[in-house]
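Chains as they are written, first to last, in my numbering: chain A, 1 to 325; chain B, 1001 to 1325; chain C, 2001 to 2360; chain D, 3001 to 3360.
Check before you lean on any hint, since a few could be wrong.
[What the hints assert, rightly or not] As a list, the in silico EDC-like pairs of lysine to aspartate or glutamate whose alpha-carbon atoms are at most 16 angstroms apart: (1) C:Lys2153 / A:Glu51; (2) B:Lys1317 / C:Asp2351; (3) A:Lys244 / C:Asp2344.
[To be verified] Distance ranges between label pairs, derived from CB positions: (4) B:Phe1180 / C:Thr2086: 52 to 62 angstroms; (5) C:Ser2125 / D:Asp3007: 40 to 50 angstroms; (6) C:Thr2086 / D:Thr3269: 40 to 50 angstroms; (7) C:Asn2025 / D:Glu3208: 25 to 35 angstroms; (8) C:Asp2325 / D:Ala3339: 48 to 58 angstroms.
These are computed hints drawn from the structure, not numbers from a lab. For clarity, every value in this text was computed on a predicted model and none was experimentally measured. Built from N, CA and C at the ideal position, the CB exists for glycine as well.
Here are the chains, one letter per residue:
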Amino acid sequence: MPLKTILSAINSTLDQQMEKDDTVISLGEDAGFEGGVFRATKGLQQKYGKERSIDTPLAESAIIGGALGMAVGGLKPVAEIQFSGFVLPGFNQIVAHVARFRNRTRGTYTLPMVIRMPYGGGIRALEHHSESLESIFGHIPGLKVVIPSTPYDAKGLLTAAIKDPDPVMYFEPKRIYRAFKQEVPDEEYSVPIGKAKVLKKGTDITVVAWGSLVRETVKAMELLKDEGISVELIDLRTIKPFDKETIEKSVKKTGRFLVVHEAYKTFGPGAELISTVNVKAFLYLEAPPTRLTGHDITIPLPKGEHHFIISPERIAKKIKDVVKF
Amino acid sequence: MPLKTILSAINSTLDQQMEKDDTVISLGEDAGFEGGVFRATKGLQQKYGKERSIDTPLAESAIIGGALGMAVGGLKPVAEIQFSGFVLPGFNQIVAHVARFRNRTRGTYTLPMVIRMPYGGGIRALEHHSESLESIFGHIPGLKVVIPSTPYDAKGLLTAAIKDPDPVMYFEPKRIYRAFKQEVPDEEYSVPIGKAKVLKKGTDITVVAWGSLVRETVKAMELLKDEGISVELIDLRTIKPFDKETIEKSVKKTGRFLVVHEAYKTFGPGAELISTVNVKAFLYLEAPPTRLTGHDITIPLPKGEHHFIISPERIAKKIKDVVKF
Amino acid sequence: MLTKKFDPLKGKILEVLNHEGKIVNEKLEPKIDDDKLLKMYKSMLLGRIADTKALQFQRQGRMLTYAPIKGQEATQVGSMAALSETDWMVPAFREMAGMLYKGASLKKLFLYWYGNEEGNNLDKSLKILPISVPIASQLNHASGIAYARKLLKKEEVVAGFVGDGGTSQGEFHEALNFSAVFDLPTIFIIQNNQWAISTPRSSQTKAETLAHKAIGYGMPGIQVDGNDPLAMYIATEEAKKRALKGDGPTLIEALTYRLGPHTTSDDPTIYREDKEVSYWEERDPLKRFKIYLENKDLWDDKKEEKQRKEYTDFVTKTFKEIEKDKFVDLEEVFNYTYAEMPKDLKDQLDDYKSYLKEVK
Amino acid sequence: MLTKKFDPLKGKILEVLNHEGKIVNEKLEPKIDDDKLLKMYKSMLLGRIADTKALQFQRQGRMLTYAPIKGQEATQVGSMAALSETDWMVPAFREMAGMLYKGASLKKLFLYWYGNEEGNNLDKSLKILPISVPIASQLNHASGIAYARKLLKKEEVVAGFVGDGGTSQGEFHEALNFSAVFDLPTIFIIQNNQWAISTPRSSQTKAETLAHKAIGYGMPGIQVDGNDPLAMYIATEEAKKRALKGDGPTLIEALTYRLGPHTTSDDPTIYREDKEVSYWEERDPLKRFKIYLENKDLWDDKKEEKQRKEYTDFVTKTFKEIEKDKFVDLEEVFNYTYAEMPKDLKDQLDDYKSYLKEVK
Ligand SMILES: Cc1ncc(C[n+]2csc(CCOP(=O)(O)OP(=O)(O)O)c2C)c(N)n1
Ligand SMILES: Cc1ncc(C[n+]2csc(CCOP(=O)(O)OP(=O)(O)O)c2C)c(N)n1
Ligand SMILES: [Mg+2]
Ligand SMILES: [Mg+2]
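For reference, chain A alone in the conformation it holds in the complex:
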């Protein structure tokens, strides 16, 4: 099996889906000829032509609203937004239309479409290149939101997203785009949307993370290996609709819960997971369900970013705190 990074897994998955299905197309700013600023769509225009691997004008509403129209018109568009911070000009299209078309028309018009974008901090980027806005999209009925943390899942979730009859927001943890390689099967496969993955079994505490923070949590577990704490690590993978069952089962076993995310704290994703744990496992809780999150400040530029980014050390410390509560 070939070894792939998350980025190359995304690239080859797009290639595979466009090869198998003529109605799958890709569009975005600089996403055609040069293959996108991260090269996630590299080679697609050369292989499938300008019409199916489209360089669009610089206009996110047109990209997303256009993709909606393409889906209505019989295509399966995969739209690339250059960085998640630049999805904002297209926010109206996503919330007012993409999320609602099925319901608005009582199922007459459905939108098999994917909106891909790199997200998250830690790459010493300029302003607006580091946001984690997953919970905002997770709040909107009608959207699905997925985030892979491995090359294997990157392929499986993207395949599932493209085949999904409904719109899927596909966030790419750009910090680990090329961080490591993994064996990724050549044949087509899906990772089901809505299913978390227990990465490591444990008995003392349940830790949920996604995207690049899965890797940071694994590092934290390394740091803790002599502490005698048995961590159960769950990669959430789908933010909406997320997998309550897996979390519930785990917390009922461990009695302790920590969610780690880079998104801002207040009204952020962790709050929802904690509230869910409360309902599903309240009587099993031995400590308050806890979150370790980005601060409620605009994610700083690189010279201050380390104050914001969540290190393995902080995760390790937090795990200890919760276990000792």
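Dock chains B, C and D with the ligands against the given chain A, drawing on the hints supplied.
Here is chains B, C and D with the ligands on its own, set in the frame of chain A:
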């Protein structure tokens, strides 16, 4: 003291502030000559002229981005968005700029500006006229978000918002725009941003609500009056930064917590309040902190809206459930 | 080319049938067969009658907000008549007459104004998109559909509607640019009815005409008498030809007027003068089209009376039927969020159902 | 009026100083005093040298992303030189030379590219807004400032910058329309450097020129040789006069070229040909301006050499200083979210501080 509705309190507060301070101006679609579709800005153009009570072109980014520029240029703009559903085309300006200008320039440029908009359902309106998106804005560092539920607070919070050195999102519960009158002092006063209000003291359960649901909760308490349940009702008033102390104090006393909101459930405002209660009062909790919220479906058109809107009966039932846990 | 001959930069406006029902430009009179002419007129008439009734019903508190079309029937029907069944219509929210012409059922259309999503559930074969409330956003959908159909080698065009107010929105700009860049088979039709709620066209933009805006996208633009169904017909017909040849989109500014209020919650007397309204009442699209048909011996007062009565009965009956259809089922409001209901949403539905059972 | 004389609809482009350093239109040569001419040239030179050094530093991994300005100096300096100190500059992110001319400190400007918000903390009296990354969004700010200053009866104009790619964004449209509707004293300057990352101008829009877009807003538009500082100067000067007379905004399309990569993470050889680059290298704005100053006896090779050395030292020194300034304090990243830190945010800061203490 004159009796005022929420709507007339808003109108006269704008009038008072524009009278006192030449730099306060109002702008929005149809907000000038005709005084807005709800007449919240009625009479201002006639009194202060077209330049200070502005009819803008139909373009929310221009309204919000324009207001930002006006604030930089020395004015205190109060921008009206016709319905909260139509703030979405201006979302980029709010998140990418309005929320960030102070931090981006390390305090050189600050934005004394207000973005007003009617929000919420229950008025049998067309699509996009009923959303409750407060938690999305609450998630963004740099924004303040307030929601009055009475004419008195409508004035006090709007005054505070206009005088605040930072941008404030001011959501107006249009369902109760004209629902009742209250004595509202003529003189200028502020209701502090960030402070909740205990509307009724009680000992069995803490219920937090805001906007039109405060009124519905009061009705629920009427329904419960023979049940021997002592409810402590808190009107949150400020969504960001919200008043953790008042909630903490209350829950430590009652041991039970219910938050009621019309916004969608998942990744919604209630999750944050519950998570906060968990941290602040975990050991005092006698039941899982609970939420009663809008379903995770696009808020339906009027013929189905009753399935979504939260009735006093449902609130009463939920209060009983939590108390009986 | 009409767009050359009636260059907005030269102050030209395309007119064929003037407000007195006279052909002012014989060479341009389109050859439309009699059946089609009658269908056009009847759609306009049905639209007009439904509009009038809707306002009555609304005043009686029997209907929700409704956005009247009175005065704009020719813009809508003239353009839709130039398209084929296989072409697409992407409406804003004030295109009832055009939708009727294209085959939408009156009942469905008014189910929407009665507050039921089912009203947007038009037969897919009609190729009419649902009503779009967020101003101008639908134009990007028009571009996208046009892109898809072109790529799939379908000989179809897409007509996207927007108001004069809508031309100020960023999405107007992005959509027109997108269509132009890719030479898409899109036709953008601005219903310039002179007002956006209380905001007059003159406060919306300093552009001399809205057709001028085409220049910024490198596409042809034309100003058309929007109360003249024949002018709208030929302008759209030409745009369609251009689109199918691969020459890209066209911008049509239809000069028309909203004779009624913005919506039923609007009071236009606050912001506009009666004499403006009467000026435009004289330019009523139905009046002139009726004369045209009469001159062709296709129509007369008797037919008119009969048809009016028939439509009035039909509309009243339809509205009454709609009124019977009371509330939407609980399942309905949950069922269409996703193809398959996620477990959590199912739980929410079940919770709510048990609540309803308990309190019953 | 230049905008009449050089009507983009007629294919006209405003040029004064051609690429060989010859005045091609003597009547239009502006009377700029010698000091100002020298200040203009020096700002361009400083910009060029800083740009070159920045690319070196970046290649050595000592700087973050940086957006080079090489080739666009005349557009920026020519326009800024026509404004007063009291006028406003609303940049996108590729306007370093213009910012330097207007008085921004090189150190601050590069603190930003080294990843420190302090780099945007320019002295308020400079009236330069911070760098704006979300394409075209800053133009709405320009309109708003212009509105405020006009209302406050200040005799000031606001220059808003955007790239050719930025003209596709909805915010471009909304801002221009807003300024035009209210006759605001705004000057919109498109730095058409032919590329938006890998996307050429021709894929951005079908408009014949970007100046054509002015027509859709009813404002004057003009295409200017953006590598000609004198042409940029007079175009901006006229726009300023018009703005202060109350006649509203102007759109200036400056034809220029980005000689470097889009940013330091971009490889332009992927998408464009060397011969295009050499074509534009011949049209280097500094080269021609130097000849012009030499012909006026204001400059010579010796001065050039001296000045280059001085600036090279200054830039190197500045960059090294910046490199010393290592990380931003923890307090700094929290302090400017609000005027007063809300209790909850203070708690987050304190929590984090205690964590840091504990792990130390
Ligand atoms: C994005 C957005 N902002 C505001 C509104 C509220 N609104 C509804 S109709 C309308 C005026 C539309 O004017 P125009 O485009 O001329 O269309 P007309 O109503 O005249 O048909 C406004 C402001 C909206 N629907 N969408
Ligand atoms: C809203 C938004 N979308 C995408 C980007 C990413 N991006 C940064 S620069 C750029 C190209 C800009 O081209 P142009 O406007 O011509 O300016 P130039 O870079 O040539 O100066 C893009 C797409 C962005 N900054 N903002
Ligand atoms: Mg209109
Ligand atoms: Mg460019």
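Here is what the structure says about each hint:
1. Using a Cα cut-off of 16 angstroms, the hinted pair Lys2153 (chain C) and Glu51 (chain A) holds, with the two alpha carbons roughly 12 angstroms apart.
2. The suggested pairing of Lys1317 (chain B) with Asp2351 (chain C) holds, with an alpha-carbon distance near 12 angstroms, which does not exceed 16 angstroms.
3. Note on Lys244 (chain A) and Asp2344 (chain C): the hinted pairing holds, with a Cα-Cα distance of about 8 angstroms set against a maximum of 16 angstroms.
4. Between Phe1180 (chain B) and Thr2086 (chain C) the beta carbons are some 55 angstroms apart, a value that agrees with the proposed interval 52 to 62 angstroms.
5. Checked against the hint of 40 to 50 angstroms, the C-beta distance between Ser2125 (chain C) and Asp3007 (chain D) comes to roughly 49 angstroms, which is consistent with it.
6. With their beta carbons about 46 angstroms apart, Thr2086 (chain C) and Thr3269 (chain D) fall inside the hinted range of 40 to 50 angstroms.
7. Take Asn2025 (chain C) and Glu3208 (chain D): their Cβ atoms lie about 29 angstroms apart, and the range 25 to 35 angstroms holds.
8. Distance hint check for Asp2325 (chain C) and Ala3339 (chain D): the Cβ-Cβ separation is about 55 angstroms, which falls inside the suggested range of 48 to 58 angstroms.
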